[in-house]
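Asker: Single-letter residue listing:
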Amino acid sequence: MHPDLLLVLPLLIPLYGTLLCLFLWQREVWQSIMTGVVQLLWLGSVLLLLREVLSAHVVSTQIGNWPAPFGITLVADMFSVLMLVAAAVASLAVYLYALQGLDLTRQRFGYFPLLLLLQMGISGVCLTGDLFNMFVWFEVLLICCFALLSLGGSKSQLEGTLKYVTINFLASGLLLSGIGVVYSLYGSLNLAELAVLVREPHHPNLPLLSMASVFFLVGFGIKSAIFPLFFWLPASYHAPPIAISALIAGLVTKVGIYAFIRLFTLVFVSDSGITLPLLAGLSALTMLVGVIGAAAQTDFKKILSFHIISQIGYMLMGLAIFTPLALAGSIFFILHNILVKTNLFLVSGLVAQRYRTFSLKKLGGVYLLQPVLALLFLLTALSLAGTPPLSGFWGKLMLAKGGLEAGNYILVTVSLGVSLITLFSMTKIWNEVFWKPRPRTDRPDTILPPVSKLRRRMAYLPVVFLLACILGMGIFASPIVRFSERAADGLLQVQPYTDTVLAKSKPEQVEESKQIHETALHP
Amino acid sequence: METLLPFMIGTLFAVGLYFILHRHLFKVILGLILFGLATNLFLFLVGGITRGSSAIIRQHHEVAAEPFADPVPQALLLTAVVIGFGIQSFAIVLIRRVYQAFKSNNLDDIRKENDTR
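Those protein sequences? They're chains A and B, same order as listed.
Number 363 in the UniProt record's numbering belongs to position 363 of the first sequence; there are no gaps in the numbering.
Number 64 in the UniProt record's numbering belongs to position 64 of the second sequence; there are no gaps in the numbering.
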């Protein structure tokens, strides 16, 4: 297929899916079939794009054929495509879970179209080659998050959404101001052109660039929940049902980190003497505070929410060390974390479906009743904590090795210590939910009777699917590590990226579009 | 104009932020609107203001006559206004739903009720 089409497909497929779902309003069966087809098509289109990127390194297209720094650019390199593949796998699993794990009212009133629109937003953020378009795609993604978080309108959901909307509006305002500053400094918003301009050593506005980067540090810091800007996350992620929070927890903060890494490797690289130690400090604190917060919680979902924060620290760690190996570790870790985090949320949803609670105190004895579920949880949790040979281990190994080679001993020590506390935290869930005897309650009817065998197997399907991906990622780590290394190389050496994007506006095309203009102006 | 606007934008940012931190939900809406306005004006100002001339190319000319206002910040501003409008209207509906559910406009009451449940 033509590469230009491949770049547009991940945006168009969910968009048309949404439109069709809106035509089938309130017919949840048809909507769910439609959404299933779209999920598979999305995964397929992203895999085709991956194949294209494997041979061509960077693929780019100009929408409407306007030459590069002026038109709307779509770019795919290894990093963005890997993000999209992980997102497609995770959202397929969440969709499968939602089929049986989400109440019919929520399914009927717009869950599926919102899910698809959210996926379009994710594709947009990952594929855009323009700073302002990145902001716009982020807004597309966020408005879907707002609607999904408040879908159903229970009291705790409303409270959580209120916080989420307010804090994200603030963050978007800061990003927009930052975009304005960048434009006023360099007169361009195209990421590739900016990357070329900021690497000119004698540009008069170079010292001011770090001022602009502060806007993005704070804006994306809020969106991806970096220390000290994470307080909204546990407050709003625990409220909605699992079919919603698994997707948002698993994907949306990681998209924030994606944009963060993209901008701070491509554009804001001038003052690395200041930014790198700052990022190192932030990443260490994010890891520590997240995991300590998790240790204090006694709610299944809240522990997982705090772990999101702690793992954001690891993703930032590679950026702070800024060597190819460490960045590759970060990328591997993001991919692993999207899958693992989504899976843990889904497991907590399966537990809560039967026992009607997320509280660790009220749960217990799941191991005896559902040994398979216990095994699924254990493997995923160990992978999160980073036990070899599961997938988390490889990411952490690459990060630690990169850190030691670069001489960041404190950061590596903190990250390894945090791994240990993560293991403790996962053991706590294991002990409380699965292992300890079920606490005696006044109401014996809190356990729902087991549903039919087929339905139960259907419910396990998404978790088993994700776990298979996680195990595959751990056991066959070498190709994925190679992909991550290539993605990291693409981030550190911007030459292929900028050449591919800007070369499309080289002489013959400019000439061609000029002619088109002239014929349009003087017919 | 260029000396006056920064002070106005700064004031708008400050007032918006103050209202967003307020516990009364109606004032949070006001804060969001003012903050959005402030960012939009900031975007407009930081792109450079040129008065009295737009970037329209006259007939039989190849380029617009200098000095003309840069159209890009205006285009960004227009998009940002639309997006901000969408989010603000969502926030207003959300706060109305919160009021219906909790029978209160005060964040402290909402928090208390959710904690006791």
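Hint data in this document are derived by calculation from the structure and do not stem from the laboratory.
There's no promise every hint is true.
What the hints assert, rightly or not - Here are the simulated PhoX-like cross-link-like pairs (lysine-lysine), alpha carbons at most 25 Å apart as the crow flies: (1) A:Lys453 with A:Lys401; (2) A:Lys155 with A:Lys362; (3) A:Lys436 with A:Lys302; (4) B:Lys27 with A:Lys362; (5) B:Lys103 with A:Lys155; (6) B:Lys112 with A:Lys163; (7) A:Lys361 with B:Lys103; (8) B:Lys112 with A:Lys302; (9) A:Lys163 with B:Lys103; (10) A:Lys453 with A:Lys361; (11) B:Lys27 with A:Lys155; (12) B:Lys112 with A:Lys155; (13) A:Lys163 with B:Lys27; (14) A:Lys361 with A:Lys436; (15) A:Lys436 with A:Lys155.
Asker: Now, for every hint given, state plainly whether the structure supports it.
Answerer: We went through each hint and held it up to the structure:
{"no.": "1", "hint": "A:Lys453 with A:Lys401", "in the structure": "violated, 47 Å"}
{"no.": "2", "hint": "A:Lys155 with A:Lys362", "in the structure": "holds, 22 Å"}
{"no.": "3", "hint": "A:Lys436 with A:Lys302", "in the structure": "holds, 20 Å"}
{"no.": "4", "hint": "B:Lys27 with A:Lys362", "in the structure": "violated, 40 Å"}
{"no.": "5", "hint": "B:Lys103 with A:Lys155", "in the structure": "holds, 11 Å"}
{"no.": "6", "hint": "B:Lys112 with A:Lys163", "in the structure": "holds, 15 Å"}
{"no.": "7", "hint": "A:Lys361 with B:Lys103", "in the structure": "violated, 32 Å"}
{"no.": "8", "hint": "B:Lys112 with A:Lys302", "in the structure": "holds, 19 Å"}
{"no.": "9", "hint": "A:Lys163 with B:Lys103", "in the structure": "holds, 18 Å"}
{"no.": "10", "hint": "A:Lys453 with A:Lys361", "in the structure": "violated, 28 Å"}
{"no.": "11", "hint": "B:Lys27 with A:Lys155", "in the structure": "holds, 21 Å"}
{"no.": "12", "hint": "B:Lys112 with A:Lys155", "in the structure": "holds, 12 Å"}
{"no.": "13", "hint": "A:Lys163 with B:Lys27", "in the structure": "holds, 14 Å"}
{"no.": "14", "hint": "A:Lys361 with A:Lys436", "in the structure": "holds, 10 Å"}
{"no.": "15", "hint": "A:Lys436 with A:Lys155", "in the structure": "violated, 32 Å"}
Comparing the model with each numbered hint stated earlier shows that hints 1, 4, 7, 10 and 15 do not hold.
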